[in-house]
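Colleague: The chain contents come next:
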Amino acid sequence: MSKTHTRREVLGHAARGTALAGLGGLTGLLWLKANATFAWSINAQRCINSRLGAVGVDVCERCSTECVLALSAVRAVNEFKSCGRCYVCPAYFKITSAVGPDGLPTEKVCPRDAIKREAIGWIDPDDPANNFYDYTIDETLCNGCGRCVLECKEPAGLGSIRLEVRHDTCLDCNRCAIAQACPEDAFDRPEPA
Amino acid sequence: MKYQPAHTIGGRGSAPDQFARALRGVALDGAGRLYAVGDSAVKVFDADDALARQWPTDRPGECVAVDRSGRVWVGEREQVEIFDSQGGLTDTWRDPGQLGLVTAIGFAGSDVFLADATARWVRRYDQGGRLLNNIGDRHRKGGFHIPNGVVDFAVDDEGILHVANPGMHRVERYSPDGTLLGRFGRFDGRDPEGFPGCCNPTNLTVDDQGRVIVSEKAGPRVKVYDPEGQLLEVVADDVFDPTAKNMDLVVDSRGRIFVADTATLEIRVFEPTGSEATA
Amino acid sequence: MPRCASLGTVLPRVAGPGLLLVLVLFGVSGPAAAQEHVEYERPVDVAPTEDTIGEGYVTPEVQRPRPRAAAWQIADVVLLAAALGVAAWLAIWRRQRGWLVALTTACLLYFGFYREGCVCPIGSTQNVAVALVDHTYAVPHYVIALFVLPLVAALFFGRVFCAGVCPLGAIQELMVLKPVEVPRRLDKALGWLKWIYLGTALYYAVLPAIERDFVICRFDPFVGLFRFTGAAWLLMVGGAFLVVGIFVGRPYCRWLCPYGALLSAFSRYAWRPFSITPSRELDCGLCQSACPYGAIEERRAVRTSCFACGRCYRSCPVHHAETPESVVPAAELAGRPPEAAP
Ligand code: SF4
Ligand code: SF4
Ligand code: SF4
Ligand code: SF4
Ligand code: SF4
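Protein chains in written order, with this note's numbering: chain W, 4 to 196; chain S, 950 to 1228; chain C, 4 to 345.
Please keep in mind that the hints were generated in silico from the structure rather than gathered at the bench. Quick caveat: nothing in here was measured; it's all calculated off a predicted structure. Beta carbons are placed, not taken as given, at the ideal position from N, Cα and C, and that holds for glycine. Hints are supplied without guarantee of correctness; some may be wrong.
Pair by pair, the computed Cβ-Cβ distance ranges are [claimed, not checked]:
#	chain 1	residue 1	chain 2	residue 2	range
1	S	Pro1141	W	Glu110	16 to 24 Å
2	C	Ala72	W	Leu144	23 to 31 Å
3	C	Ile249	W	Leu35	25 to 33 Å
4	C	Trp75	S	Pro1141	54 to 62 Å
5	W	Leu55	S	Arg1087	47 to 55 Å
6	C	Ile249	W	Leu55	35 to 43 Å
7	C	Leu196	W	Glu121	57 to 65 Å
8	C	Pro186	W	Asp61	30 to 38 Å
9	C	Thr108	W	Leu32	47 to 55 Å
With the C-beta cut set under 8 Å, the calculated list includes, among others, these residues of chain S facing chain W [stated by the list, open to error]:
#	residue
10	Tyr1074
11	Asp1075
12	Arg1079
13	Asn1082
14	Arg1087
15	Pro1096
16	Thr1128
17	Leu1129
18	Gly1131
19	Arg1132
20	Pro1145
21	Gly1146
22	Ala1167
Negatives, chain S to chain W, calculated, CB over 12 Å [to be verified]:
#	residue
23	Gly1019
24	Met1117
25	Val1200
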């Protein structure tokens, strides 16, 4: 009785030792290449809405529709320093809509009216075309639908607007629903350089 | 007057008469030879579109012009190189601290006009390279609105400058001393009469009857306006690569229009139909 | 109390391996700096500058909130290790249910509702699998730690992770109100499902990147509840699991959880698992009907399927008298089998 008990114990120790060693080896193996942080981000070079050369394509809205959050964690971001601050911004105005009496298109691109247009700097009192305008995206409204991003792209815009993941709202889902749905494989957890 | 696409010259490739990476400017000389700059070279095509000559430039060429004596001026970043008609370098103009990216060159009388895309206005020099005045600097917004990145202008036979002000959707006319003489154009995204998008027209040229031929980007299009600013003709709106932008253009004495497609690196030639000209 | 080893002597033994592992490894390499944005350059020289705009215009800053600090990742791992240690100590040394419930609640609040479920050891199985087959895929240190620590703990003490640390287990654990017995053969048969699920998950994880899918995360029925958002049908499935869980103890854990499959395999060789011993318990068999998970066979806890919830001690006449009633929530009292009623 006590002999079998001991054998069982010995076998148990052996099995446990083996398993521990296996886990240790696995950990070491993974540790060797472990370096990534788990922040999802959008590769703007790949996203169809901002990728250079992808002209005449349909807007990809998956960033706004797929996120597990009710209001997606993705926002459009205007990188002000590279914005042309145009009088008629194709990302703000639906430039194919009818022109109103003020000489500007009557419809806007953003379905949620999240972009604010504001004349900046010295204001020409006589000629609104002679002003620069800031286009500021209201992050409480934007849901990352990508329409403005698609419009503000070479050759029409300067590509100053792009989609970004807002890390303060993103839940860092292990399986990001957008990453799974992104047709361009642009949603990524980048490795540190 | 209708136009039809006749043929193309160049294209993307490594052959001598092709362009590897860039095609930025086109010009014609008095004998009808076509000059094109791209990469870092000037290529001269004779009347049969065969490559006649080519020579390298110091920096990538942004624009090219041929003056009345046949000298070839190439605008580059912060300098202008002047070659004789055989490609021998005769002079290099620099104006440190002043002259930035030169994107168009024109002549009237003894004046040389250089479009400076860094300062966003046109500079007027004398033949000796002395700065006389700037054109467009009276816009308090620091010159022309060029989100597209280039200032383009053309000088007509009377020495009047026609400058594209794309951000304001206008063509503006200036006297050499910088006085605004007039302007035409308005924004419209549907009506071809207006200029669409954020910033159009990007480039223009003037023919000997004072008609203004403009090119647009997004979507690329070439149109002809009469001297009063009335639309005469849409030359082409469907043949260019959709990503082409800042397409330089030039018109010859027979009314043929040469447009540099900056995406496919081809020079597209459009002929007036029903004219006596044959390519 | 001779049979209750003091926290001071047990905790080092319990939490020691895990904590040491984490601290040493983090100390060696440290979590990598976060790179949240891929390089993206567009020409800025054609944009008007502050000078040309004039009137003292200042280019607005673009706000870019950073991801959670690396310190929080370390905190998560340390908390996980500590919780595993405390769970083991409570279940195996203190032999007490009440405090286990408190621990379960705390872990549910932190790992579930506060951390909102991601990344968890269950899902990390897929990350580890991908990292093993795809040389371009790297998992951060803390995910490796999340994956390994509960398994190491299982090798020593059995499924203490399931006892009170796993938020998925915790939310089900607190729902067990009127458990009914599942026929043993059915229970056993359903238990195979988790292995099938594990296999399926691994299969989808090791597919080439473009077809890869993390099915465990995709069909996680509870994560949406932690976040108060998610696909409607999954929220409903989660709710259904909880409702079923009132009568059938921890259905996801017993029959579906892929990580539970791994844990049960590892706990087979546990050094000192949760146990019902004749020397410390009465050996009367009352506990057998107290276990809502069918994990007591022949008056002994089956180490591979026991979640170390401690209900058996509560029903044991020996322990019963000592249980501090004050810490037992009302739901818990209601769920107590009649044998254990005071
Ligand atoms: S991404 Fe969509 S919602 Fe956001 S600002 Fe652009 S158009 Fe509006
Ligand atoms: S199109 Fe883009 S670059 Fe141009 S004004 Fe609009 S946001 Fe700025
Ligand atoms: S990780 Fe989750 S929260 Fe973040 S963007 Fe993806 S789906 Fe949305
Ligand atoms: S899903 Fe992909 S392609 Fe679509 S908008 Fe998002 S990042 Fe761009
Ligand atoms: S069986 Fe799975 S879900 Fe349940 S407690 Fe254990 S690890 Fe968590």
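Colleague: Give a verdict on every hint.
Modeller: These are the hints, each one checked on the structure:
no.	hint	in the structure
1	Pro1141(S) x Glu110(W): 16 to 24 Å	holds (20 Å)
2	Ala72(C) x Leu144(W): 23 to 31 Å	holds (28 Å)
3	Ile249(C) x Leu35(W): 25 to 33 Å	violated (46 Å)
4	Trp75(C) x Pro1141(S): 54 to 62 Å	holds (58 Å)
5	Leu55(W) x Arg1087(S): 47 to 55 Å	violated (36 Å)
6	Ile249(C) x Leu55(W): 35 to 43 Å	violated (56 Å)
7	Leu196(C) x Glu121(W): 57 to 65 Å	holds (59 Å)
8	Pro186(C) x Asp61(W): 30 to 38 Å	violated (55 Å)
9	Thr108(C) x Leu32(W): 47 to 55 Å	violated (36 Å)
10	Tyr1074	violated (27 Å)
11	Asp1075	violated (30 Å)
12	Arg1079	violated (30 Å)
13	Asn1082	violated (21 Å)
14	Arg1087	violated (11 Å)
15	Pro1096	holds (3 Å)
16	Thr1128	violated (17 Å)
17	Leu1129	violated (12 Å)
18	Gly1131	violated (15 Å)
19	Arg1132	violated (11 Å)
20	Pro1145	holds (6 Å)
21	Gly1146	holds (6 Å)
22	Ala1167	holds (4 Å)
23	Gly1019	holds (34 Å)
24	Met1117	violated (4 Å)
25	Val1200	holds (23 Å)
Checked against the numbered hints given earlier, the structure breaks hints 3, 5, 6, 8, 9, 10, 11, 12, 13, 14, 16, 17, 18, 19 and 24 and satisfies all the rest.
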